[in-house]
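Asker: Construct the entire structure; sequences and hints are all you get.
There are 2 protein chains.
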Amino acid sequence: MASVIPVSNSSMRSDRNTYVGKRFVHVKNPYLDSMDEDILYHLDLGTKTHNLPAMFGDVKFVCVGGSPNRMKAFALFMHKELGLEEAEEDIKDICAGTDRYCMYKTGPVLAISHGMGIPSISIMLHELIKLLHHARCCDVTIIRIGTSGGIGIAPGTVVITDIAVDSFFKPRFEQIILDNIVTRSTELDKELSEELFNCSKEIPNFPTLIGHTMCTYDFYEGQGRLDGALCSFSREKKLDYLKRAYKAGVRNIEMESTVFAAMCGLCGLKAAVVCVTLLDRLDCDQINLPHDVLVEYQQRPQLLIS
Amino acid sequence: MASVIPVSNSSMRSDRNTYVGKRFVHVKNPYLDSMDEDILYHLDLGTKTHNLPAMFGDVKFVCVGGSPNRMKAFALFMHKELGLEEAEEDIKDICAGTDRYCMYKTGPVLAISHGMGIPSISIMLHELIKLLHHARCCDVTIIRIGTSGGIGIAPGTVVITDIAVDSFFKPRFEQIILDNIVTRSTELDKELSEELFNCSKEIPNFPTLIGHTMCTYDFYEGQGRLDGALCSFSREKKLDYLKRAYKAGVRNIEMESTVFAAMCGLCGLKAAVVCVTLLDRLDCDQINLPHDVLVEYQQRPQLLIS
Chain A
1 MASVIPVSNS SMRSDRNTYV GKRFVHVKNP YLDSMDEDIL YHLDLGTKTH
51 NLPAMFGDVK FVCVGGSPNR MKAFALFMHK ELGLEEAEED IKDICAGTDR
101 YCMYKTGPVL AISHGMGIPS ISIMLHELIK LLHHARCCDV TIIRIGTSGG
151 IGIAPGTVVI TDIAVDSFFK PRFEQIILDN IVTRSTELDK ELSEELFNCS
201 KEIPNFPTLI GHTMCTYDFY EGQGRLDGAL CSFSREKKLD YLKRAYKAGV
251 RNIEMESTVF AAMCGLCGLK AAVVCVTLLD RLDCDQINLP HDVLVEYQQR
301 PQLLIS
Chain B
1 MASVIPVSNS SMRSDRNTYV GKRFVHVKNP YLDSMDEDIL YHLDLGTKTH
51 NLPAMFGDVK FVCVGGSPNR MKAFALFMHK ELGLEEAEED IKDICAGTDR
101 YCMYKTGPVL AISHGMGIPS ISIMLHELIK LLHHARCCDV TIIRIGTSGG
151 IGIAPGTVVI TDIAVDSFFK PRFEQIILDN IVTRSTELDK ELSEELFNCS
201 KEIPNFPTLI GHTMCTYDFY EGQGRLDGAL CSFSREKKLD YLKRAYKAGV
251 RNIEMESTVF AAMCGLCGLK AAVVCVTLLD RLDCDQINLP HDVLVEYQQR
301 PQLLIS
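Line by line, the protein sequences give chains A and B.
Be aware that the first sequence starts at 1, since it is given in this note's numbering, and climbs by one per residue.
Be aware that the second sequence starts at 1, since it is given in this note's numbering, and climbs by one per residue.
The set of hints was computed from the structure by calculation and includes no laboratory data.
Model, not experiment: these values are computed from the prediction.
Do not take every clue at face value.
For chains that are exact copies, the list does not tell them apart, and a pair is met inside one copy or across any two.
Below, a list of computed lysine-lysine pairs in the BS3-like style, where the Cα atoms sit at most 27 Å apart [claimed, not checked]:
| # | residue 1 | residue 2 |
| --- | --- | --- |
| 1 | Lys237 | Lys28 |
| 2 | Lys270 | Lys243 |
| 3 | Lys28 | Lys243 |
| 4 | Lys92 | Lys72 |
| 5 | Lys48 | Lys238 |
Answerer: This is the structure we're talking about:
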């Protein structure tokens, strides 16, 4: 997201648009444009009740993350970094009418929370993509900033995802459509990942790497934790699984990246996933960092993006 | 949940306990009791930082629902219904240290939000079940109160789930454990469902039925909606799918019931799912009820439980 700040980069971007043409956010749904009204139910927004182009037409960067508080903190942080004139108090939750998600806007940056897990982020992404489409946004970059469990790397390391894989280490997202299973690609934007990785080198004491991210449907049994309410496998089986994941190129585990990569890819959004690791799963299962360390770690993806 | 209110029922319950033995909440994890400390990370509670038996030992009823605001409203409503002496202002979010879930307690009733989708409710359930285990709770009843889309029934109808089925209308929950798929039963407590159904008959203008509930991983493509950012099927295919669901006994669709039934069943919690339907999916996809009707509908499961 560094490219919005320096003037030179901004003008490069508009040059490119002039020649190459704008890349609009597109929906892949023939029914949508014939609808009289589109109610984005979980965002508490709609095409008849809100002037979406006026509210969101200038959005160029969208940051999403699980926790509402973290997304608010990110919006305030970006507001400061961008040096915008608007008062900080004016950055209000745009989705205040619902408690499903939170949304904050500062200049061209939109920050939205998505809750935990594939279904939760998928509802938000459907409605966000429709929102950006209705608002006629173009050349939008979207980055998920999150927390994760690392495999074989020091806690605090930031992992930039090259490709999201499922529990079987396969680079795919299986979407159930009616009662069929459709497999979708989970590749992320290579150029954007490398750009972010290069930025990380400029920040001192900021361990960062590019690797595969495994996305699971469950935090406990699905990630091989021995500390859930249910656990039917041995410590050895757990370690064997995590080591096989490491061998397949997996460096961290979270719960949203496959569907995020699949949906953004299909709808023309340049997408990246940047997660800090809170523990090394080869060492432990419980997150027991002191509060201040946890807070500092959670700020790392935000710092990199800004 | 009516059984806590009349004194006679309470004493019947303790009688039964004396003779039949208490049914403790059990975890199925041989590693748990050997842990020096258990941090319930997403609830911001722990065995070393909190006296869980003192805080939660008297819990007999747990109500869970997606929305934090709705769960707070439910706790306040129950507080009033139970006629407890404690001031309403003292009912505070026990998980205030995290923004992942909200939790409120009033007398023997615990109300917790679980966000949207199977992964989100599954994290909460793992930590809730461990919490009830650490607190040495027994004879706990748990009810999910939620919103859903109906099939072939009038909006506003309350559906009490007899069995939760997946997108293929099968009564199962497929849990990925490491890289194996384990199939679990999704049956709910029959006696409790019937007790709730009988209560519904005593409330005037309260359309209620017992039926199958379909649980999907996605709100749009997975539920056959024509109004998502992605839609690759026709209106005919959608209707064919929903009609087949109806024929298989499905009366409503939501996103949490299979894993809820599976986990509660395994851990000895008497469980029920009670959801109001906000629309009939054979008629439409968008939720466009006036705000006050929506609010009244959402209160129906709460009213029934109380």
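Asker: All hints, please: hold or fail.
Answerer: We went through each hint and held it up to the structure:
When the C-alpha separation of Lys237 and Lys28 is checked against a cutoff of 27 Å, the pair qualifies only between copies, where the shortest distance is 17 Å, while the shortest distance within a copy is 42 Å. For the identical chains of this complex, Lys270 and Lys243 are neighbours neither inside a copy (31 Å) nor across copies (38 Å), given an alpha-carbon limit of 27 Å. With identical chains, the CA atoms of Lys28 and Lys243 are at most 27 Å apart between copies only, with a shortest distance of 25 Å across copies and 39 Å within one. In this assembly of identical chains, the alpha carbons of Lys92 and Lys72 lie at most 27 Å apart whether taken from the same copy (9 Å) or from different copies (22 Å).
In this assembly of identical chains, Lys48 and Lys238 lie within 27 Å of each other by CA distance solely across copies; the values are 26 Å between and 52 Å within a copy.
The structure shown violates just one earlier hint, number 2.
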